[in-house]
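Put chain B on the given structure of chain A with help from the hints.
Chains as they are written, first to last, in this note's numbering: chain A, 2 to 284; chain B, -19 to 272.
Any given hint could be a false lead.
[To be verified] Looking from chain A toward chain B, a few residues come up when the C-beta cut is under 10 Å (computed):
#1 T17
#2 G19
#3 D212
#4 I245
#5 I257
Calculated from the structure, these hints are not laboratory results.
Since this is a predicted model, take the numbers as computed values, not measurements.
Ideal Cβ placement from N, Cα and C applies to all residues, glycine included.
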Amino acid sequence: MSREDLLQKTILLCATVGSGTLVVGIFLLMLHLGWPLLISGQFFSLLLQEWRPADNLYGIYPMLLGSTVISLLALLIGLPISLGTAFATTVVAPPWLRSASLALIRYMAGIPTVVYGFVAVFFLVPFMREQITGGSGLNILSAALVLAILIAPTMVIFFVNGLSGVAKTYSLAVDALGGTPVQKLLYLLLPQAWPALTAGTVMGLGRAMGDTLISLMVAGNSIAVPGAVTDSARTLTAHIALVIAADFAGMEFMSIFSCGIVLYLFTVLFVSVIRLTSKTRND
Amino acid sequence: MIRFAERFVVFFSLACTALLFFCIAVVTVYVLWRGLDAFSISLIFGGVDPLDALLGRRPVFDGLFPAIVGTLLLVVSAIVVAAPVGIATGIYLADYASPRWRVTLSALFDVLAGLPSIVIGLAGFTITIYLHRLFPGRIGPCLLISALSLGFLVLPYVIRSTQLALESLPATLRLTAPALGARHWQNIYRVLLPASTSGILGGIILAIGRAAEDTAVILLTGVVASAGLPRSLLEQYEALPFFIYYISSQYTTTQELEMGFAAAFLLLVLCGSLFLLAYGLERLLARRFVFR
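Isolated chain A, as found in the complex (with noise of 0.2 Å):
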């Protein structure tokens, strides 16, 4: 190799380890931050502990049931949706639906989470107050919801992508002997893209955990360990920008880096499961 290419070749090589050193760095750097709260042996109990500041106890406990309620009801709403919709777009809907069906949900994918946001706040909140569950309509059950349709086209682009790409021939078979759309779909595709359907859910699991506005702007934000569906919640997400608004000092401001490090540890959680379903792609 010339001289010439070397030098383009480090140029490159800069730029990847920066910036994989960055990735590494952030968790470093939380973990420095959260360290104090770390070796006292307080980061475990801080998981399992209410946040009341006024009795000094500032544990994340309530955050983590709000971010994991919010998150597994989004999905547990999303997921059949988009499973439905991967379905007609692939197979079930007519051909010129499903160009239709997946160049709308790129478009869904590129809606802002804010816009989302502010939508449910002007429509779906006095919907919820009036007609459903009562009360400010600031809750679990409407960030959910919300939250399901911003994930759904996350999980739709997966699943598509799993179950068109299932090899050729045995799509053929199932054509030569005369099985129908629905049987081919049933009892080849979604056997056969298992991986690519468990990374989906799992993505979205993922985005909607690391979401930040949704919650913030529809959940309620209430600190209380929430005990219905409707009641008000604040997830770690939330937490982390509404202390940050508050003030910074004090074990208050510790708090939010063990928030952090938990999406962060969740985050990796998430995507190991993805890389490890799916091995078979990056071989």
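Same frame as chain A, but now just chain B:
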């Protein structure tokens, strides 16, 4: 029984599709209807003559103009950071890295792509505090920090699209120039990169859309509700997504609410068309190489 199950799947799929698209139609139509209704030149420039505002002769106090300019500045500077670094990393992963390195690094960038934007915002915020201690009074939360954080947030989009575009080039194209005596870099620069332009461009467009819509990062790194036009990169600024968020919780008059809807309308049109454009480019790329 099985027949029934199969028929149910058809019905279920179509019903889900209809439901999802109904929701999207509600969101879109609602924002377009209220936004267009509210939309006017004076809403953007707040009574100041548009030409004066554009030339910076007179500041705009109650209009969307500073937020629009803020978002544009933010997106441009974030992409200026993310595009070169992302393309370089993508090229390295596709054409230089050993398989093991490639797996490790793409895992890292997958983590980055999955990180909640508020975590990246928190990192940016923490770095700002450190910088503030180093240079007291000179560096606080500002446009520069936001742009760097946003650039980092959208980096994986550029990396992945570059890597994918390069890797999906047909082997015949990849081998021709080296067979004629071209060096590795010459092959990349003169042949492979030009051939994957539309894929890379698609990634950059996605990155632009993502940078324009993100609120969590800027919320923590320097956006404010009213700042006017920033005079330098080290000042605080306004931005459209934050403005929308702010209005939704803090509006007091109907005029402010109208401005919120107009802002939502602008942002929706901007991001929606960017994502459709990226999709179009992706289709174009797929069609160009599918039969070779």
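### Query
So which of the earlier hints does this model not fit?
none
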